[in-house]
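Chains as they are written, first to last, in the working numbering: chain A, 5 to 142; chain B, 103 to 255.
These aren't lab readings, by the way, just hints derived from the structure by calculation. Given the structure is predicted, the values throughout are model-derived calculations rather than measurements. Keep in mind that the hints are not guaranteed to be accurate.
[Stated by the list, open to error] Derived lysine-lysine pairs resembling DSSO-like cross-links, with alpha carbons at most 30 Å apart: (1) B:245 x A:51; (2) B:145 x A:25; (3) A:46 x B:245; (4) B:143 x B:245; (5) B:245 x B:140; (6) B:223 x B:236; (7) B:140 x B:155; (8) B:144 x A:25; (9) A:44 x B:245.
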Amino acid sequence: MSEDKEKLTDYADGAFGERVKQVYDDIAPSEELIEDVTEKIKQQRKKRRAALIKLCAECVGSAAACLALALGINAAVPGISVAETAEDAAHAEGSIFAVGSVFPAAAALFVILAAIFFGLYFYRKKKSNDELSDKNSK
Amino acid sequence: MTDEEIVREYGNMVYKIAFGYVRKTHDAEDVFSEVFLKLFKKKRNFISEEHRKAWLIRVTINCAKDFLGERMDYADIDSVAEKGEPAKTENIELREAILSLSDDYRDVIYMYYYEDLTVRKISEILELNENTVKTKLSRAREKLARFLAEEKV
């Protein structure tokens with residue numbers, strides 16, 4: 005093995021890897037930078053959420069907007085809780101929403117959807133029973 | 103993981119890659135912010151942490167390149183290089199050697215030695231052939247060896 009080759013082998017071994025790690029260990033972000041960026045991310049989310057709340061309030065009525073806030077916005081913006089969204093909505097300027105109205109509205113929608121679902125289910129079941137008894141009677 | 107946990111988990115990696123390109127603390131911080139704001143700008147469905155890591159490496163490289171393209175010519179870099187973080191005395195030569203490597207060589211050195219990624223994984227992240235990564239790794243080592251040998255003379 006030539007001298008050059010030996011040198012190259014040296015640079016491929018674990019000790020060299022350790023030295024490279026040490027070099028990169030010296031290059032690290034400051035705690036302030038991490039905190040600053042985390043805060044910027046929070047602010048970015050808050051802005052997007054505020055824009056969505058405004059859009060909801062402008063486009064839809066109060067009850068529907070409340071539901072959209074609770075269900076839609078929460079799904080659209082990652083990492084945001086329903087309570088957090090509702091709180092922002094309650095504090096939004098000129099907002100007609102209250103924190104407490106989001107949950108009853110969501111519950112009301114759930115009841116309505118459940119009623120529709122079960123209504124359809126029983127209607128279809130009754131229909132198929134009627135058809136079956138018609139066939140049997142013939 | 104919460105936003106803060108994600109920034110803490112991958113912040114080191116993003117910063118180190120960015121610094122390798124821009125070589126100034128403030129510029130590396132700008133790239134760092136941009137990468138994380140991009141990550142959280144919209145809902146992204148990563149299938150695993152490995153997937154998120156690969157996405158962050160690629161985006162950091164792209165953001166750093168864009169940053170350099172916007173702010174200055176690559177030729178100007180040498181004049182501002184190595185003004186950022188203080189290095190331990192024994193690592194100064196190696197650090198200079200690593201920072202003197204071209205971007206593609208430095209990226210593979212970082213990913214292979216610091217992130218302990220396999221050649222296959224590096225090839226997937228950089229969208230290169232495995233043999234190309236091996237060649238780059240070998241040439242980068244060769245350049246480092248040469249640089250350090252010259253420094254000692």
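Consistency of the hints with the structure:
1. A C-alpha spacing of about 48 Å is found between residue 245 of chain B and residue 51 of chain A, which places the hinted pair above 30 Å, so the restraint is violated.
2. For a cut-off of 30 Å, the pair hint linking residue 145 of chain B to residue 25 of chain A is broken: about 33 Å separates their Cα positions.
3. Taking the CA atoms of residue 46 of chain A and residue 245 of chain B, the gap is about 43 Å. The hint is violated against a cut of 30 Å.
4. As the CA atoms of residue 143 of chain B and residue 245 of chain B are separated by approximately 39 Å, the hinted pair breaks the 30 Å bound.
5. Restraint check: the Cα-Cα separation between residue 245 of chain B and residue 140 of chain B comes to about 34 Å, which exceeds 30 Å; the hinted pair is violated.
6. Pair hint residue 223 of chain B plus residue 236 of chain B holds up; C-alpha atoms about 12 Å apart against a cutoff of 30 Å.
7. Taking the CA atoms of residue 140 of chain B and residue 155 of chain B, the gap is near 14 Å; set against the 30 Å cutoff, the hint holds.
8. Restraint check for residue 144 of chain B and residue 25 of chain A: the C-alpha separation of about 33 Å exceeds 30 Å, so the hint is violated.
9. Distance check on the hinted pair: residue 44 of chain A and residue 245 of chain B sit about 40 Å apart at the alpha-carbon level, beyond 30 Å; violated.
When each numbered hint is compared with the structure, violations occur for hints 1, 2, 3, 4, 5, 8 and 9.
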